[in-house]
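**Student:** Full structure from sequences and hints, please.
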Amino acid sequence: MPVAMRISCLLSATARTFSLSCPAAGLLCCRLLGPSSVVSRRNMSSKRQMDHLERTSNNYRQNTLYPAQVCGIINESETVKRLRIAVHPNFTFKAGQWVDFFIPDVEKVGGFSMCSSPGLLQREGVVELAVKYAKHPPAHWVHTTCTVGSRVAMRVGGEFFFDPSPSEPSVDLLLVAGGVGINPLYSIMLHTADLLRLNRASGGQDYNIGSAHLCYSAKNTEELLFKNSIIEVCQEFPDKFSCDFHVTQQSTDVDLQLLPFVNHGRLTEEVLRKHVDPQKTLCYLCGPPPMIESVSKTLMDLSLPKDRIFFEKWW
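Numbered according to mature numbering (1 follows the signal peptide of the UniProt record, and there is no 0), the sequence shown spans residues -19 to -1, 1 to 296.
Do not take every clue at face value.
Below, computed lysine to aspartate or glutamate pairings styled on DMTMM-like, alpha-carbon distance capped at 25 Å [stated by the list, open to error]:
1. Lys287 - Glu250
2. Lys62 - Glu204
3. Lys113 - Asp288
4. Lys221 - Glu149
5. Lys261 - Glu217
6. Lys75 - Asp288
7. Lys62 - Asp32
Quick list of the computed label-pair ranges, beta carbon to beta carbon [unchecked claim]:
8. Glu274 - Asp220: 30 to 36 Å
9. Glu149 - Lys255: 23 to 29 Å
10. Phe291 - Asn189: 15 to 21 Å
11. Asp86 - Thr60: 22 to 28 Å
12. Glu251 - Gly130: 46 to 52 Å
13. Pro241 - Ile54: 29 to 35 Å
14. Gly184 - Ala115: 44 to 50 Å
15. Asp236 - Asn44: 34 to 40 Å
16. Pro270 - Glu59: 35 to 41 Å
No lab work stands behind these hints, which were simulated from the structure alone. Note that beta-carbon positions come from the ideal geometry of N, C-alpha and C, so glycine has one too.
**Tutor:** This is the structure in structure tokens:
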């Protein structure tokens, strides 16, 4: 049976099961009310950490909730699992966006950024999510209960994305990630690489892609997700992609393959300055809020206009 047909059959069964076992999701593949319908309590206690739906109640999200099924699980690091998820044929997203993640018999709704490209969805009918271990029920479920074959449902949201059209002028991307904030930026990086491959295959310059530089900070090299794939993209397009890894608590020797890319200590103004052109640079930031606030201020001090700085810090 062809892959597309197998996924379609699998998801039809998923929709039937999920609608019965997850009352929070309601009917799948149906039109839902806006995000305000999900959050009934507006005056939440300041002592309680807000859930994903509360944090993003004012964010754009699609109206359709789609059935999906886990078709692969990879241990990306000691604390992060990467899920491969077969999705409905009508499911679409833009590089950098996230999903509302509904799990049968789990009351809380998760919020996870895609770490795969829209191109992978087109080619294989799957998306990927990299989820760090936490006690929050959705993340805890991913690490303790989820198996290949687990059925879920997802709805796309977020205004943080890179989706250029062929007619747009060239821009240079500066991608700044902290910890698992790499997920949407890795999606953007993979999408940009896919567009460059389309240009190469067509023999033309359909997409005006400038340079893309990634600054990625983590405690140590073990927590640098996707590091080998990131380096491979940089090597495939050496005139377009480059990266710096920043480790703040490295206690062991750095692998020789990574050594040329690794800097010890936090991301500095000097490093950022090398990759900022106020006229051409678009910067995408994702990581802990204090890091985003610090980097944003540094970028504006370097004369990068505020409207050319995009960030995702709801998590």
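**Student:** Just to be sure I understand the hint, the distance between the Cβ atoms of Asp236 and Asn44 should be within 34 to 40 Å; is that true here?
**Tutor:** The hinted range 34 to 40 Å is violated for Asp236 and Asn44, with Cβ atoms some 46 Å apart.
**Student:** For Pro241 and Ile54, compare the CB-CB distance with the range 29 to 35 Å and indicate the outcome.
**Tutor:** Since the Cβ atoms of Pro241 and Ile54 sit about 32 Å apart, the hinted range of 29 to 35 Å holds.
**Student:** Check the hint pairing Lys62 with Glu204 against an upper bound of 25 Å on the C-alpha distance.
**Tutor:** holds, 12 Å
**Student:** Measure nothing beyond the straight line between the CA atoms of Lys221 and Glu149; if it is 25 Å or shorter, mark the hint as holding.
**Tutor:** holds, 17 Å
**Student:** Per the hint of 22 to 28 Å, is the separation of the Cβ atoms of Asp86 and Thr60 within bounds?
**Tutor:** holds, 24 Å
**Student:** Is the distance from the Cβ of Glu149 to the Cβ of Lys255 consistent with 23 to 29 Å?
**Tutor:** Between Glu149 and Lys255, where Cβ atoms are some 24 Å apart, the hint holds.
**Student:** Can you confirm whether the C-alpha distance between Lys287 and Glu250 stays at or below 25 Å?
**Tutor:** holds, 17 Å
**Student:** Would you check the hint for Lys75 and Asp288, treating anything up to 25 Å between C-alpha atoms as holding?
**Tutor:** With a Cα-Cα distance of about 20 Å, the restraint between Lys75 and Asp288 holds, given a limit of 25 Å.
**Student:** Confirm or reject the claim that Glu251 and Gly130 have a C-beta distance inside 46 to 52 Å.
**Tutor:** Check passed, 49 Å falls within 46 to 52 Å.
**Student:** Are the Cα positions of Lys261 and Glu217 separated by 25 Å at most?
**Tutor:** Distance of about 23 Å is within 25 Å: holds.
**Student:** Taking the CB of Phe291 and the CB of Asn189, does the distance hold inside 15 to 21 Å?
**Tutor:** holds, 19 Å
**Student:** Cβ-Cβ distance between Gly184 and Ala115: within 44 to 50 Å?
**Tutor:** holds, 47 Å
Checked against the numbered hints listed earlier, the structure breaks hints 3, 15 and 16; every other hint is satisfied.
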